[in-house]
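These are the residues of each chain, in order.
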Amino acid sequence: MTRKLALNSTPCAITRRRFSAGAGAAGLLLAVAPFGRVRAQGGALKVGVLLPRSGAQAAIGQDCQRAVEIAPGILKDLGLPGIAIMNADTETSVDVARSRAEKLIADGAQLLVGAFDSGASTAIAQVAEQKGVPFVINIAAAPPITEQGYKFVFRNFPTAPMILSDAFANQKELFTTTGMTPKSVVFMHVNDTFGTSMAQSLPGLLPKFNVPYQIVETISYDPTARDLSVEVAKAKASGGEALLMVSRLNDAILITRELVKQRWNPKAVLSMGPGWYEDQYLKTLGKLGDGPLSFVPWYDPNKKLTKQLATAFAKPYPGINLNTNQVFTFEALLIAADAFKRASSSDPKALADAIRTTNITDNVSIGPGIQFDAKGQNDKLKNAAIQNRGGKLITVAPGFASDGKAELPMQPYDKRG
Amino acid sequence: MPAEIYLNVAVSGLLTGLVYGLMALGLSVIFGVVRVVNFAHGEMTTIAMYIAITLFSALRLDPLVMMVPIAAVLFAFGYALQAGIINPFINRPEHSQFILLVAIAIIIVNLLLIVFGPDARSVQTSYAYDSFQIGALIVDATKVYAGVATILVAAALFAFFRFTLIGKAIRACADNYTGALVVGLDVKRLYALTFGLGAACVGAAGAMLVLLVDVTPALGPAYTLLGFIIVITGGLGSMPGALIGGLLIGLTEAMAGLFFAPSAKSMFSFGLLVLVLLFRPQGILGRRVA
Amino acid sequence: MMARLIEGVPRRALVLLALLLAGLIVAPWLANDYLITTLILILYFAYTGQAWNVMMGFAGQLSLGHAIYVGLGGYASAALFVHFGIAPWLGLIAAVAVAVACGAIIGFLAFRFRVGGVYFAILTIAFAEFARIGFDHLSWVGASSGFFLPVANYSRSDLWNLRGSPTMFYYVILALTVGAFVLCHALLKSRMGHYWQAIREDEVAARSLGINTFRYKMYAVVISAGMTSVAGVFFAFYYNNLFPEQVFSIGRSIELILSPVIGGIGTLFGPIVGAFLLTGLSEAMQNLLSQLGIDVPGAKQVFYGLCLLAVVLAVPEGVWPWLKRGVGLKGEST
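Chains as they are written, first to last, in this note's numbering: chain A, 12 to 428; chain B, 6 to 295; chain C, 231 to 564.
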């Protein structure tokens with residue numbers, strides 16, 4: 012590569028360069044300065060939605076985004092006031108989440124929704140609390156977020172202990188109705204934020220619920236594991252009758268494949284987290300994907316709004332099952348619109364007060380409806396048990412919110428055509 | 006724990022390690038000759054995997070069969086990258102090379118995200134769930150096929166470097182840069198060729214990896230790191246070393262996962278790496294660099 | 231002492247420096263919170279870049295696992311605060327001690343066993359990954375489910391406990407960055423600074439002159455580690471949560487070195503210029519894309535990568551040396 016000849020250093024040249032350097036700096040600052048200052052207070056509510064649409068959690072963030080796309084239409088049909096969505100990508104990074112939240116508020120967002128990841132949600136919560144802008148968390152299970160005494164942070168999603176408690180309750184219900192109870196289980200969990208939260212809450216809750224099985228082995232694995240053959244081999248060798256899981260999507264697929272290849276047929280797969288019911292799982296594994304039970308926050312298939320959401324969802328996204336990501340993202344926006352209607356103002360403080368007194372019984376998730384306790388947590392949420400069957404998801408428990416019966420024990424993999 | 010589990014895990018680890026070794030082979034070739042630290046190695050592997058998936062979903066052709074065309078595409082990519090962008094950086098300090106390749110890696114990862122989306126993709130071959138049973142040993146069929154393919158590719162590569170004129174020329178460049186110039190070798194072209202060859206290895210490895218692992222755009226960095234661990238353990242610039250390194254790392258990780266907490270099994274690879282760096286930096290089969 | 235520091239620096243540079251400093255001091259009055267958050271990020275990267283620069287630019291050792299010091303500093307001070315109620319300014323001592331110990335171990339192992347260049351870089355990556363996985367299993371600090379610091383009232387600024395508004399944090403990081411700048415300048419001018427430059431230029435020649443290269447390289451590593459750990463303390467108390475996956479990750483290590491490498495290794499202003507440029511670039515891209523209505527996840531990063539590529543190809547020795555010539559400054563190591 013040839014060297015560029017240095018231009019002579021006449022005073023003119025330096026001044027020009029200095030000028031362009033200065034102009035460049037000014038331009039950079041202008042570009043960074045927020046455009047679109049806050050406009051008049053009337054009109055639609057400006058809701059900033061923060062999701063990890065790129066980076067490690069891109070798949071989940073983009074899944075949640077689907078609900079954001081269809082929400083405004085449904086909310087209008089329900090007679091709720093309009094909301095204007097401002098999208099932001101947290102890039103699965105805490106720094107970026109915080110910056111984006113600040114930027115959204117500077118650009119006039121009156122309410123924030125997000126952010127799936129517990130780390131990002133914590134960072135955004137701090138910004139929201141500081142600025143006095145309400146923040147409705149769609150999905151994040153780490154307990155500490157609502158233990159900080161925040162006045163502007165609300166979470167319409169169960170905490171890890173809540174998910175576990177309902178999981179055990181539902182399991183016992185299913186064991187009774189199907190007549191199959193495993194005596195021993197192997198507990199496998201992914202070693203990330205969610206998996207470890209669940210694993211940490213487990214020992215405290217087991218004795219309370221009198222679960223009928225023993226955990227004979229606990230195996231934790233790296234979320235970025237490329238190969239889970241060793242883990243599954245260990246699980247198989249432990250002699251457990253069933254598999255108790257907390258995993259993510261990729262590991263769910265990997266583990267199932269290993270179960271088939273290593274010829275181990277657990278009587279049941281009891282998953283207390285994402286992965287085993289997701290579209291990608293069902294599509295990739297086909298018939299081999301049937302059978303696992305997932306104990307997750309879910310929609311109530313018998314509620315009116317659920318059917319409305321499912322119909323609206325099926326149009327732009329045919330072939331994709333409605334799942335946790337979309338349900339709770341939608342409900343977060345529902346909360347925002349509902350609060351806006353009751354507060355009759357887009358002043359953040361009024362909105363926060365309105366959210367605190369939320370009582371939406373005509374909602375999608377299971378339970379008496381959306382209400383918040385003093386800490387800003389919806390502690391009335393109930394979790395369901397769903398089972399994969401023929402590429403579809405059947406809600407099998409709790410009884411009052413189900414649309415099918417469970418099939419246990421799980422059909423052995425080598426007998427599935 | 007029953008005895009056969011150790012055998013099963015060990016065999017599985019060795020076979021997987023073999024395929025990782027092939028990926029690392031590309032890195033070894035590139036670093037051994039061109040002396041560029043390719044921090045975009047994992048991303049190149051990811052590109053190869055996505056190509057395999059696209060071809061499979063479009064043409065229904067088995068990745069093992071598609072290995073050759075995919076390697077060819079990656080060869081072209083590597084050649085162009087080296088000749089076009091990387092060449093001026095060969096004699097620059099490592100940190101410059103590093104940032105250059107990091108920038109390339111960022112571009113690749115996010116382009117893949119935009120084009121293919123974030124969902125994990127995979128290839129479902131007819132033999133995807135087959136396994137061979139020999140007594141108490143249950144071996145995953147896919148891993149066996151991939152392992153065999155790796156050995157064939159590696160053998161072809163060794164033969165190339167041993168017996169062809171170009172191969173010898175490349176080795177000359179690696180051994181003595183000035184000498185090669187003196188003898189009249191077109192070093193720039195040979196460097197580009199070598200980078201291309203390294204990329205072709207990555208292409209072949211990627212085609213095989215797609216049978217074992219699901220692809221996401223963010224898969225790259227883990228493989229880059231793995232590649233470096235293997236290459237340094239086995240010996241930078243030594244091709245058999247890369248394969249041996251792969252086998253060793255595959256085995257270590259598998260056994261560590263079995264004996265200790267699987268979530269900590271990578272720690273053993275890193276521990277091994279540190280030990281090698283301290284006590285035998287040229288790696289197991291490498292030659293001591295002056 | 232001030233006079234000795236200033237001597238040799240061209241008048242023009244001092245003026246520009248003073249202007250910049252003045253601008254930064256009054257920024258919170260003129261800027262909104264989003265800009266302050268962005269500036270905090272810029273100064274954070276300028277600070278960590280400066281700390282990394284001590285090891286690389288001054289002693290020529292490429293560390294690609296520098297996030298380990300940030301993590302150690304953060305976790306040490308956070309753990310002391312949460313479990314024992316010890317204020318961060320005291321916890322800082324522990325943070326620096328831990329990081330210095332770690333740096334000493336890495337440096338000792340590397341230099342004693344003559345691990346250099348790329349191998350040293352890989353060694354640092356291995357240590358950082360080791361720490362990441364290790365902390366993932368350390369339940370005393372939350373393991374992989376994260377370590378949360380209790381968040382307190384924002385209206386009062388409690389400087390001692392580092393609880394307060396972004397403006398307070400802004401001044402803290404500004405003070406740190408200025409301090410680092412002055413410290414590095416002083417170090418460079420000192421005898422040790424000259425030894426470092428000699429080692430960087432030609433280690434064998436330096437040794438033949440009688441310089442104890444092992445000792446001075448160790449000093450560089452240890453000072454760099456200590457300085458970086460202070461950034462870790464800041465990080466922990468600013469974000470109020472720590473996850474091993476995010477704090478020790480190689481992505482963080484890479485982020486850390488982008489500013490000084492793009493800005494100019496071995497120069498004092500390099501990390502600062504680099505930090506402004508990169509963060510400014512990132513935010514500007516974000517703004518541009520949203521103004522254009524392009525809402526494709528990943529698009530911003532692609533453009534960012536392209537810009538990075540362009541900068542590395544066009545000005546391989548760094549933006550600051552190039553800028554310096556343009557602005558008409560000549561000077562040795564600024």
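No lab work stands behind these hints, which were simulated from the structure alone.
Keep in mind it's a predicted model, so treat the numbers as computed, not measured.
Treat each hint with caution, since some may be false.
Derived DMTMM-like pairs: lysine to aspartate or glutamate, alpha-carbon spacing no greater than 25 Å straight-line [stated by the list, open to error]:
| # | chain 1 | residue 1 | chain 2 | residue 2 |
| --- | --- | --- | --- | --- |
| 1 | A | K162 | C | D263 |
| 2 | C | K554 | C | E431 |
| 3 | A | K294 | B | E9 |
| 4 | A | K314 | A | D373 |
| 5 | A | K360 | C | D432 |
| 6 | A | K162 | A | D384 |
| 7 | A | K393 | A | D358 |
| 8 | A | K352 | A | D88 |
| 9 | B | K193 | C | E547 |
| 10 | A | K142 | C | D263 |
| 11 | A | K298 | B | D67 |
| 12 | A | K87 | C | D525 |
| 13 | A | K315 | A | E228 |
| 14 | A | K386 | A | D373 |
| 15 | A | K278 | B | D67 |
| 16 | A | K360 | A | D118 |
| 17 | A | K142 | C | E431 |
| 18 | A | K294 | B | D180 |
Under the criterion that the straight-line Cα-Cα distance not exceed 25 Å, is the pair A:K393, A:D358 satisfied?
Given that 25 Å is the threshold and the Cα spacing comes to 32 Å, the pair is violated.
Keeping to a limit of 25 Å between CA atoms, is the pair of C:K554 and C:E431 held or broken?
At roughly 22 Å apart (the allowed maximum being 25 Å), C:E431 and C:K554 satisfy the hint.
Check whether the Cα positions of A:K314 and A:D373 lie no farther apart than 25 Å.
holds, 7 Å
What's the verdict on B:K193 and C:E547, does the C-alpha distance respect the 25 Å limit or exceed it?
holds, 23 Å
Mind checking the alpha carbons of A:K315 and A:E228 for me, to see if they're no more than 25 Å apart?
violated, 43 Å
Going straight from one Cα to the other, do A:K162 and A:D384 come out at no more than 25 Å?
holds, 11 Å
Please work out if A:K360 and A:D118 have their alpha carbons no farther apart than 25 Å.
holds, 17 Å
Hey, A:K294 versus B:D180, does the alpha-carbon distance stay inside 25 Å?
violated, 51 Å
Agreement of A:K294 and B:E9 with the hint, judged by alpha carbon distance not exceeding 25 Å
Violated - the C-alpha atoms of B:E9 and A:K294 are around 33 Å apart, more than 25 Å.
Taken at face value, is the distance from the CA of B:D67 to the CA of A:K298 at most 25 Å?
holds, 21 Å
Check whether the Cα positions of A:K87 and C:D525 lie no farther apart than 25 Å.
At roughly 24 Å apart (the allowed maximum being 25 Å), C:D525 and A:K87 satisfy the hint.
Are A:K142 and C:E431 close enough, with their CA atoms no more than 25 Å apart?
violated, 51 Å
Checked against the numbered hints given earlier, this structure breaks hints 3, 5, 7, 13, 15, 17, 18; the rest are met.
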